[in-house]
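Please take these sequences and the hints and turn them into a complete structure.
There are 2 protein chains.
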Amino acid sequence: MGQRILIIGGVAAGPKAACRARRLLPDAEITIVDQDSLISYGGCGIPYFVSGDVNDEKELRSTSFHMVRDERFFRDAKGVEVKTRTRALAIDRKAKEVEVEDLEKGEKYRMPYDKLVLATGSQPFILPIPGVDLDGVFAISSLHKAIAIKERLARGEVEKVVIIGGGAIGLEMAEAFTDLWGVQTTVVEFMPQVLPFILDKTIAGMVAQHMRENGVTIHTGEGAKAIEGKDGRVSKVVTDKREIEADMVIMATGVRPRSQLAQEAGLLVSPRGGIVVNQRMQTSDPDIYAAGDCVETYNLVTGNKAYAPLGSVANRQGRVVADNLAGIPSTFEGVVGSFIMKAFEICVGATGASLEVATREGFDAVDAFCVQADRAHFFPTQALMFLQMVVDRPTRRVLGLQGFAKMGDGLMARINAAAGMIANRATVSDFSNLELAYAPPFSNAVDILNAVANVADNVVSGRLRPVSMEEFLAWMENPSSRPDWRLLDLRHPKEAAALKEKFPEIWIDIPYDQVRSRYRELPADKFLVLNCNSGTRSYEVQRFLDSVGITNTGVLQGSFNVVRRLGVSWWPAQ
Amino acid sequence: MGQRILIIGGVAAGPKAACRARRLLPDAEITIVDQDSLISYGGCGIPYFVSGDVNDEKELRSTSFHMVRDERFFRDAKGVEVKTRTRALAIDRKAKEVEVEDLEKGEKYRMPYDKLVLATGSQPFILPIPGVDLDGVFAISSLHKAIAIKERLARGEVEKVVIIGGGAIGLEMAEAFTDLWGVQTTVVEFMPQVLPFILDKTIAGMVAQHMRENGVTIHTGEGAKAIEGKDGRVSKVVTDKREIEADMVIMATGVRPRSQLAQEAGLLVSPRGGIVVNQRMQTSDPDIYAAGDCVETYNLVTGNKAYAPLGSVANRQGRVVADNLAGIPSTFEGVVGSFIMKAFEICVGATGASLEVATREGFDAVDAFCVQADRAHFFPTQALMFLQMVVDRPTRRVLGLQGFAKMGDGLMARINAAAGMIANRATVSDFSNLELAYAPPFSNAVDILNAVANVADNVVSGRLRPVSMEEFLAWMENPSSRPDWRLLDLRHPKEAAALKEKFPEIWIDIPYDQVRSRYRELPADKFLVLNCNSGTRSYEVQRFLDSVGITNTGVLQGSFNVVRRLGVSWWPAQ
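Chains as they are written, first to last, in the numbering used here: chain A, 78 to 651; chain B, 78 to 651.
Be careful, since some hints might not be right.
Because identical chains share one entry, a pair is satisfied inside a single copy or across any pair of copies.
To be verified - Derived DSS-like pairs: lysine-lysine, alpha-carbon spacing no greater than 25 Å straight-line: (1) 571 - 135; (2) 419 - 483; (3) 173 - 160.
These are computed hints drawn from the structure, not numbers from a lab.
As structure tokens, this is what we get:
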């Protein structure tokens, strides 16, 4: 008999550690305990189960070869013992035993271990507001909750949903309710944008606008103050600005590490609640490992501690735990925060730090924006893609990348390419020279990821002087707030006509290819915002105007192609 | 007046260098000469123009904002002078002048330069066989040829095409002819596989089989010996094995650097014909730069010289030239060989070295194969993806990655992620821990790129002992060639039944989840090839069998999911 490995938690990191440990340590006695009856499921699939894209919850806990990952499967196929409905109550580190309770029989007993693995996961953060216990208020804490939500939908009991929280889970749930069930859905987000801390304002604004166009009501910068009910059932959500009727409320305000057991056992736990581990995923007790949503990790961009509750991270950490149990010195060094999300017909992704986060973390950060066809612009299936790159000015290190694109895998191709490079502290030049796969049905000779790095190079070198979208929108809302400016529209006169008519006092249109012959028409005493549909023509014109002494100019980051996707009131109707 | 920059060649590297130099050096006098009348076009788009995906050749030479990139555009919009139909005849390095000929007027004159840029491109390699001058034999050397081919197709003059060469251009042209024009198309490739030197045999075999299923005839390992004609027009291609009727022949046997001008001027040119440049893209004359298809570069994996005639590489090199002309010390360090191609409903990609190339270059290389859903296996749009990773055993450095997938951008997402890491000498562990973006509509919690690295880790560590697809297919063709073996089929008995009936003497079926209880049924004296639909179950069973002393086993690389895509004769009909 080999060593006794006891694993607490049977969703992602736990089963991964168990199964790999089994393959590495044929003699070990490996046991998983979990307080739930359902184990080893794809929790990230819950929104797609609720929406109906995934019909049966069993699909979320089956292998790709259609075997349900239950206790029998783990025993027969994997050689791993699983005890479900068994709650770990306490760790006796001295005796190396865990006290557990059989929730079916109500019996308590002790399980000995040589090595213990904590994979206790996370629990939803519930806002401390009145009414969270009303019937109809759900947090997405387990597959059981998802099943209960879907049952109410299927019974036709849900007409109006309020989702508190505009992060990834909140938005995915909003799509699920709206798109497939036709439920009237409202998202309430306390921060001034959706997907805060992941995206900067511009791309977040494009996501919110796309979701609004698809029927989701979104209120940002608005805090939920109370949930009210009738006869014990939820009836509305009260925010600091309004009351919203609801027969279901989803609490999607993030998760917290489930680390009470570790804390009570005297293991080191961070102030934010994550179990502290080294790069070998060992806790402060060398015989106890931890992995998944219950641990704290590092952010490889900022160097700060980070919390990354994701199934993908949990699986990688679980593998590192198994390796170390078997004496293989594998490490998990941290995260860069790679992210991707579908929202109706578009997708949005990011990796590394946003401009806001990078600045807050003390970097002298700048950003570059690029709008370009996702594949050869002559290829019939091409669509626009939007990338924003965040760069540390003094070192030219790329700190982050965000993007917005038509739904598909094209954006992921750029985010994935950036993820490994950002972890490796690549610079703007590394990205300019990055050899992305090229053929017209897939990409451009100058891929948008190379192109945004080229833009960043120009920004960092001071050759491209940008105007931020936020500044520009503020000026447009109130043109007199920035007295001495004009907008130079470089597009075809037909494209420029509607806005020129609407804003005659600030609009100037000279087509791109006429600027070299007509630049003398420009007012010498005004700040010129240069604009086109992608930014490339504006940059070229800025360089030319510099050469003739007209240097009081700025290139609008993101260009009109972004403006038209933000739902601003002054944009001409199509 | 600033420096005089003269650029020879106006397709990709030349215009890129010119336009960026203009933005960096407002005072320079920048001129491009090109012997052709059409310039600045996307040559890689030619197959899609021929197929009809792109209607008008003008689209290939337009900007994304629909301006045709002609002489007028370069002058007015870009501030760059272009002389078309102007051939460079000789470089007088001492006088710093280029002798040119105006092909319209037949006049010769000299153009002075301070800095010269050679972007003379490539020319098709024409096989030295009889008949290449017959009417109807085309090489894809310019947009004019493409227009001529399409005109013949449109006039209905083309019923049977033979394409000599099964590289990327050959296969893209084969799809164009077959898919949209219904032309009977045959590809003749001298090497024993399509896409030689880019892919290894297995994935190349899957590509060839998919193209055959879509109506393309492919003969590999077969050399074209002559082209024959009637009345001066092509009528057939004679190979070493057969005669193939043809009313059009496409010579797609690769390209060679167009470097005669450089050579005659005494510049250093490699034995294979590429202009030798340093990382600043400077030739052996410091006042002369070169970029694009005419230069030789480095392979960042093998350390050897390389030739990479691709529009994407040309653009990056052109940018480096411009930077150096302007005193910015940018470098182009080399290529890893990133590649992607559409073929009917699938796509295929690669980056870095194939197993064959790596082995030939002296690496102690091994490969790992992974077959997995491209996104969450419960997500409705999921499809299988196939990745093969090539690793240097002693250093664990990843040398290359190849893949095959349903047409889309998902494969590119993995190839692109690998490209930068391979250039940066990443190891298997770096790939295991690579933080790819994860959400069920896009990927898996353990992404296939992480998964293939995990397989590679197991192979390199000796935990997974593979059997190559080539060996296995040879044994199946002639089971007695490998006397003491059995195939252990771990799939569901229903899946195994047809082959078990067909090969009763070698087939054993025990479902995966019964092996732990039934392994005593296995013959102790036979070599067992373990097989399932993806390889994961086979690996798990190999680890288990090892633990009970049955160690004479091998896991079939790629599994039945590859076998069924190779068109082998013994595979049961669906």
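Quick rundown of the hints versus the structure:
no.: 1; hint: 571 - 135; verdict: between (56 Å within a copy, 22 Å between copies)
no.: 2; hint: 419 - 483; verdict: both (9 Å within a copy, 20 Å between copies)
no.: 3; hint: 173 - 160; verdict: within (19 Å within a copy, 83 Å between copies)
Hint compliance for this structure: every hint is met.
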